[in-house]
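Residue numbers (my numbering), protein chains in the order written: chain S, 1 to 326; chain W, 327 to 488.
If you're looking for bench data, these hints aren't it; they were derived computationally from the structure. Any given hint could be a false lead.
[Unchecked claim] Here are the simulated lysine-lysine pairs, DSSO-like style, with alpha carbons at most 30 Å apart:
(1) K310/S - K482/W
(2) K314/S - K45/S
(3) K161/S - K245/S
(4) K368/W - K314/S
(5) K69/S - K368/W
(6) K310/S - K368/W
(7) K368/W - K278/S
(8) K273/S - K45/S
(9) K368/W - K277/S
(10) K368/W - K80/S
(11) K87/S - K368/W
(12) K485/W - K314/S
(13) K273/S - K310/S
(14) K235/S - K277/S
(15) K277/S - K112/S
(16) K485/W - K313/S
(17) K368/W - K68/S
[Claimed, not checked] Some chain W residues close to chain S (C-beta under 8 Å, calculated; not the full set):
(18) A395
(19) E412
(20) P452
Nothing here was measured: the structure is a model prediction, and the numbers come from that model. Note that beta-carbon positions come from the ideal geometry of N, C-alpha and C, so glycine has one too.
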Amino acid sequence: MPREITRRTFLKGGAAACALAAVGLNAKEASAEPAHLATLLDISKCIGCGACVEACRETNAHKFPEPKKPFPPMLPRRVKVEDWSEKREESERLTPYNWVYIQSAQVTYQGKDYNLTLPRRCMHCVNPPCVKLCPWGAAKQLPNGISRLDSDLCLGGAKCKEVCPWSIPQRQTGVGLYLDILPSVIGNGVMYKCDRCYDRVTQGKLPACIEVCPERVQEIGPREEILRKAHALAKEKKAFIYGEKENGGTNTIYVSPVPFEVLNRAIETGSGKPHLKKVPDAMKEGNRLALAMLLAPIAGIAGALGSVYKNAKKWRDGGKDESRNG
Amino acid sequence: MEKMKAETVEAPKERNRWIYALYVLTLVMITLSGFAQMPIFKRYYIADLPGLGWLARYYVTHLIHYLSAAVLIGIVSYRITRYLVEDRHRLSLTPSGYLRGSLLLGLIFSGALLTIRTLRANPFPPETIVYLDLAHILFMVLFLFTLLFCALFKNKWTKSGF
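Input sequences plus hints: build the corresponding full structure.
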């Protein structure tokens with residue numbers, strides 16, 4: 001029987017993660033148990049009311065960009081200004097002012113009609129490419145598994161969006177550090193995405209979207225427990241799981257009564273509207289090469305010692321020949 | 327005596343010509359793929375040039391950077407071992423040789439730590455990663471400027487002109 005994930009267990013996990021963050025340690029180092037917090041979304045419960053969307057906007061409003069206008073002229077011309085500040089109310093896709101939105105799908109599966117809705121936001125990957133490949137360290141992963149973009153450091157180059165398998169981060173021009181450097185030629189604003197209310201979680205509170213949900217679609221807790229619960233739910237309801245293995249594993253686990261391939265065909269995808277496809281581990285090849293890199297110094301040293309030995313042998317043989325000849 | 331010394335010095339140069347060529351090629355690739363970690367090649371049309379489209383593909387440049395780093399670490403390990411075991415008594419480094427060597431080791435060390443952070447079991451807190459990124463970029467800029475300076479003023483790694 002899987003253990004119920006209660007507010008108490010979540011708060012315990014959160015408090016432990018916060019304590020570790022405070023002393024600047026990675027939780028994995030300090031504990032054998034993974035300290036990542038994951039969310040479970042049972043989309044059969046979602047009624048698409050949008051309460052999570054509204055709560056997210058209200059709670060995170062103080063983090064939203066307030067761009068300075070007019071924007072600096074961008075060079076070269078191909079660099080496009082991305083301005084969402086006049087469309088702050090947009091809630092049908094991800095924007096710098098809308099970090100979660102409701103995706104809907106009408107599907108027929110095994111002769112049964114489904115009208116499904118699901119909140120979409122950052123998946124908070126276990127090994128997030130946005131964080132690992134950010135050239136400035138502006139994208140950060142907290143010890144509790146939350147990945148967030150630091151708006152004080154981000155230059156808005158949008159690399160995080162390009163390397164994200166779901167293209168989640170969204171850019172707002174006219175705000176951030178780049179304005180203080182060379183705004184026309186370096187950077188283009190700041191990238192924004194769901195930070196799973198990291199500040200609330202630090203205080204031991206629930207992320208806003210989870211707290212307000214009238215249908216209790218989402219739960220949060222230690223990843224292992226969430227996975228156990230997701231598998232139990234999937235077994236019980238003959239449902240399907242998304243997010244456990246995608247991109248090598250994420251901290252957002254969806255459980256659906258319909259296979260995600262079917263859902264993916266039914267949802268609207270595109271800019272700011274993430275897909276539900278299978279996603280291979282984007283960091284896998286790089287990390288394999290990183291481990292192979294450990295062999296490089298060994299190969300170099302072995303090669304050098306081999307050459308030294310060869311030279312010494314040649315010199316000795318030559319010396320012998322010379323003495324014989326002499 | 328002078329002739330003998332010159333021959334002794336000339337021999338490793340001859341032997342290592344292919345290693346030097348590999349070193350230069352690796353430096354070119356690692357520099358290009360390193361700069362490509364920043365979103366600049368697409369923005370400034372460089373990736374539009376024939377044959378340079380790969381510079382705008384982050385996962386490709388990430389792999390090339392790692393591959394080049396592995397080759398560079400191999401070459402540096404080879405060279406240091408050879409120097410310590412064999413060449414130490416007959417080749418002495420110039421000040422610019424020491425500077426280049428130190429900067430190169432700094433680049434490799436900061437790069438190695440940044441490589442560790444891409445693994446799942448990253449031990450570094452986010453603030454440390456910002457400093458590591460900045461250190462890696464600083465080492466890279468200083469190393470490239472030093473290389474340029476040495477090329478312009480024909481400064482060699484060793485006093486024997488090797």
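The hints, checked one at a time:
Between K310/S and K482/W the alpha-carbon distance is near 27 Å, which keeps this suggested pair within the 30 Å criterion. Straight-line distance between C-alpha atoms of K314/S and K45/S comes to about 79 Å, which puts the hinted pair past the 30 Å bound. With a CA separation close to 20 Å, the supplied pair K161/S and K245/S stays within the 30 Å bound. Restraint check for K368/W and K314/S: the C-alpha separation of about 52 Å exceeds 30 Å, so the hint is violated.
Restraint check for K69/S and K368/W: the C-alpha separation of about 26 Å stays at or below 30 Å, so the hint holds. Taking the CA atoms of K310/S and K368/W, the gap is about 48 Å. The hint is violated against a cut of 30 Å. Distance check on the hinted pair: K368/W and K278/S sit about 28 Å apart at the alpha-carbon level, within 30 Å; holds. Of the pairs offered as hints, the one joining K273/S and K45/S holds, with about 21 Å between alpha carbons and a cut-off of 30 Å not exceeded.
Between K368/W and K277/S the alpha-carbon distance is near 27 Å, which keeps this suggested pair within the 30 Å criterion. For the given pair, K368/W sits about 13 Å from K80/S by alpha-carbon distance, which is consistent with the 30 Å threshold. In summary, the hint linking K87/S to K368/W is supported, as the alpha carbons are separated by about 28 Å, within the 30 Å threshold. A C-alpha spacing of about 26 Å is found between K485/W and K314/S, which places the hinted pair at or below 30 Å, so the restraint holds.
The hinted pair formed by K273/S and K310/S fails the criterion: a straight-line CA distance of about 62 Å is larger than 30 Å. Restraint check for K235/S and K277/S: satisfied, since their Cα atoms lie roughly 21 Å apart, inside the 30 Å limit. Straight-line distance between C-alpha atoms of K277/S and K112/S comes to about 22 Å, which keeps the hinted pair within the 30 Å bound. About 27 Å separates the Cα atoms of K485/W and K313/S, which keeps this hinted pair within 30 Å; it holds.
At most 30 Å may separate the alpha-carbon atoms for a hinted pair to count; K368/W and K68/S meet this at roughly 26 Å. The criterion of a C-beta within 8 Å of any C-beta in chain S is met by A395/W, whose closest approach is roughly 6 Å, and the hint holds. A cut of 8 Å between beta carbons decides the hint on E412/W: the least distance to chain S is about 5 Å, and the hint holds. The beta carbon of P452/W is positioned within 8 Å of a beta carbon in chain S (closest approach about 4 Å), and the interface hint is therefore held.
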